[in-house]
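What follows is the residue order along each chain.
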Amino acid sequence: MGTGIISRRVYLSSFSWNTLGFSVAANILLPWKSHFGQLLTRTVHQEVNVIESKTPETDDQAVLYVHWPYCAKRCTYCNFNKYVSESVDHERMAQCLETETRTLLKLSGVKQINSIFFGGGTPSLALPSTIERVINTVRDKVTFKPGSEVTLEANPTKLETERLRDFKTVGVNRVSIGVQALNQNHLNLLGREHTVEQSISCVKKAGALFPGRVSVDVIFGRPKQTLEDWRIELHRVLSFCDDHISLYQLTLEAGTPLYRWVKEKQCELPDSDTMADLYSEAIQILGDHGFERYEVSNFARNGAQCSHNWAYWRGMQYIGVGPGAHGRFSIQDGGGPREARIQTPLPDTWMTEVENRGHGTRKSEPLSNQQRLEEMVILGLRTIEGIPSSRWNRLSRNQDLISVFGNSEKVRNMVENNLLYLDESGLRASSHGLMVLDSIIPHLLNVLEKNITVK
Amino acid sequence: MLTQFKFIWHQGVLKRYIQKSLSRRNLLKHTRCFSCAPTLNEKKKVIPDLSQFPVENIRNFCIIAHIDHGKSTLADRLLEVTGTISKSDKNEQVLDRLQVERERGITVKAQTATLFYSYNGQSYMLNLIDTPGHVDFNYEVSRSLTACQGVILLVDANQGVQAQTVANFYLAFEADLTIIPVLNKIDLKNAKPEVVMEQMKNIFEIEPKDVLKVSAKLGTGVNELLEAIVERIPPPKADVMKPLRALVFDTYYDQYRGVITDVAVIDGCIKKGDKLQSSNTKKSYQVQDLGIHQVDEILTHCLYAGQVGYVVMNMKNVKEGQIGDTLVHEGSDVQPHPGFKQAKPMVFAGVYPTDQSKYDELRSAIEKLTLNDSSVSIHIDHSPALGQGWRLGFLGLLHMDVFQQRLEQEFSANVIVTAPNVPYKVKIFGAKNIKMYGGEEVTVLNPCLMPEQEIIKEYYEPLVRGTIIAPDDYVGEMTNLCLGRRGVMKEQIYIDSKRIMFTVILPLNEILVDFYDDLKAVTSGYASFDYEDHGYVPSNLVKITYLLNGKEVEELTMINHVTTARTLARRVCLKLKENIPRQLFKISVQAAVGGNIIAREDIPAYRKDVLAKCYGGDITRKTKLLKQQAEGKKKMRAIGNIDVPKDVFITVLKK
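Just so you know, the sequences run in chain order A and B. In terms of the working numbering, the first sequence has 305 at position 305, counting the first letter as 1, and numbering is strictly consecutive. In terms of the working numbering, the second sequence has 1158 at position 158, counting the first letter as 1, and numbering is strictly consecutive.
What the hints contain is simulated information worked out from the structure, not anything from laboratory work. Bear in mind that the values here come from a model prediction, so they are computed numbers and not experimental data. Take the hints with a grain of salt, since some may be wrong.
Derived DSSO-like pairs (lysine-lysine); straight-line CA-CA distance at most 27 angstroms [claimed, not checked]:
1) A:263 <-> B:1624
2) B:1627 <-> A:450
3) A:455 <-> A:363
4) B:1319 <-> B:1344
5) B:1622 <-> A:410
Here chain A is said to cover these stretches of chain B; the calculated rule only asks that three of the stretch's residues, wherever they fall, bring their Cβ under 8 angstroms from a Cβ of chain A [stated by the list, open to error]:
6) 1318 to 1327
7) 1513 to 1519
8) 1603 to 1616
All residues carry an ideal CB built from backbone N, CA and C; glycine is no exception.
Start from the sequences, fold in the hints, and give me the full structure.
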């Protein structure tokens, strides 16, 4: 398989990407320059697997997200923009997705699309021909290198499993399968339409079709889930999965049935400490099986990291097509400011808009420099590579990471406590820091707001 | 223009002058309608000539009673019977203007009403000074008493003598006033006038033959009471021929007219246009308006010796209107009337604006409110968590509550009031320390400012002398309660065959928060309680400080008796643990006395706090969420590396 992903072993001998942290942290205090020499000698060399950033951080490239808004059934925990419809007008949807793709590609002025991701909703319920039309539109309009990543989210029902081959035929080369749980009661509670057996069979079949390019989604922190159950379940997942696992903590979203049940005390989620135990245990077990956590919720081995998602976390441009899709790109060949865009969420309205004016953008607003830096902090820190100085400096030419964050007592405190690493190469969260990022980031945002001069 | 107008005071005429619109304090609108005397021109303002009332035709009195014994209702009836207000079922608490008074059915603020009453062919001017009925407002009562020569001691014929009755009786007794004992609610089926008269005989040595019986609700006996007021209460000792002396016994602020003073004219007279001088400040003011209070203000040309009324004189600064001041004519060298004993605040609490940007607004609100309530003492205070504010001293807890409620209702202020504490005293040693603190004895209003333990020779805490009256069935429970609060029982007297009066000395600190509630609970609601200042006593006090990860949280500092310090410390530590959200770092919550940790709780660090998913479609929402949290963090109080939401302090410091 031509994967298009260049996985490289980055040997970080020079300084900072030290996942052990203990040696660096103590030395990270100011003054930076004078300590720098000592820092070098004390650093433990550590290998970190990251997908090479092919420097598409210029605005003539982007990734494309395509939203399929329909589901066969509503999951009890999901608050995504999705619709359960008896009769989906496949032809009209396909036409509109194609039209909007064409319009937004043109508007963005990008020369190249690096990856496509079909999400939803349940895009595996879309017709393969629909997927094909979008891919072909991209190929027609811009450079889309052979082997570029094309991911499709799929539910492991029998019907969808049978379609996997067709999706492969039309150009999909990576699938992300919503396994969620290997406990039938939990699947029922979550409102999933598939059985445990169907999940396993689907993943196996997908593994044969897309070797090294199959991801499974698993949800943890389910009602009454114990650490022991979870260990067994994870080992079972490992027995059939491919090289990529996304682990999501069950999150209560307002307005979902699950939210209501928990509020009404019909069921109870594990407490915060149990959640931490479940998550830590998973990191350990998956690590033992060669999976590395390259982002808070994403684990991969053998270089199977998702190139498309890396684009989000690295703050690259992305174009969102389909009802409710979000985008971040600049118009006019990269000359204008980066804009945050949201497409109209209701499928029928969206289609009407696309038919009338070529796109269904509901809202677009320019992002300030500060906002982009904020997003860089919020997203970059979720990953194992953090925010490399090179990326930061492209947006913040006059103030590097150290000058913005280095003088904050809060940040230094977090560095001293091995939550963050900050040095001339960049800013990133430690393994422990990744677990409590949402308590760290608000502080960083306040420091950023206070110190940044080019808003 | 109408000074020569001969005026006959009878029912119906005076109503003519009562303005319908604004209440005296612009607080509540009274929309009562008054019938008018048909002979008078509607449009003309007739100004009553008070020279018609020589000193011997003036009676100044007030009504003192335990709360709920019907004082305000009796005042309503007196106003009706004398024709000051028209008869109406709607006359309820006519003199209680404040919203808080009406809501709580209590009187907070002394009010004055002048009644005109004809008796045996003579016209009398009766000045009723309505007084508060709660223990906290004794200061108001004693102030009002200085303008009176007699009191109506009102007792509920059903409930009998209560703790407040006792306290009020002694106030009047010590002021050497004529006391007219009155039983109220004699219409009630379970009224026991004989038993209550026995109580009055036992406690006050009041002879049953002197006791009047009324039903303020129905008006029964009110005429007899009016006659008794004229016959028993002596006229004021006043001389209209002497140089002016007018005692300021109350002040209030009107946003249009400035400070308005309520005065009792001791000698001489005040006319519109007079130049008055304050004996205190020596500042002079020209009288712009003056008059008497009925339900509203009635303009007059002159106030004569012995009379009670108000004076408006362009006094703009609230601080100039001092209660207890004597007003004299400009340049007069007459000896001022002895002033009042300064009100002594018993309870202190921090008061802060909820929003620091409202500091100036709150300051002006407090200034205005304290003008009408000079018993509140004010000290500027600062708390790292709550910002700039004040430490206010109150007469008691109800006073504090009422003050807060008035701030909110009358000035729309949004305030945080911290847990109250009593004023402690310490004796310190070391010449340097004494110099630093400006004396050997230091009064500590704010526990944070307590001197270091090492330099303290002795601690003192304030005591109160409590009076409890309850049926004797509850003696055991009451005794236990008082002993549990470090009380010392002094005296037990049967006031009738069933009811007992305790005298108990208690540390003020012990009755601050929930003593009265507990007392009510153990006596099925039958006990009444009152207390008075009983001086200071050496005590074994400790300063409890609270630490978060070793850093002291200043605003939580507490002073407590050593015996209950640990219990209190544990309770506060637990409250902190329950209310401080988990953070990135483990938090140890400690309470310390001196160098010793006496209580500890740990708040474990957050082990996982990260949103599960974050892809392209999640960024906007996630960013918004984290930005909100960032904003929230800014508003928190940072103690070391811990961020404590301010409401945690409020929760912990709250009563």
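Going down the list of hints, with the structure as the test:
1. A:263 <-> B:1624: holds, 24 angstroms
2. B:1627 <-> A:450: holds, 13 angstroms
3. A:455 <-> A:363: The hint holds at about 22 angstroms.
4. B:1319 <-> B:1344: holds, 18 angstroms
5. B:1622 <-> A:410: Holds, because 22 angstroms separates the two Cα atoms, which is no more than 27 angstroms.
6. 1318 to 1327: Coverage by chain A is violated for the region 1318 to 1327 of chain B (0 residues, Cβ < 8 angstroms).
7. 1513 to 1519: violated (count 0)
8. 1603 to 1616: With 13 residues in contact (Cβ-Cβ under 8 angstroms with chain A), the coverage given for the region 1603 to 1616 of chain B holds.
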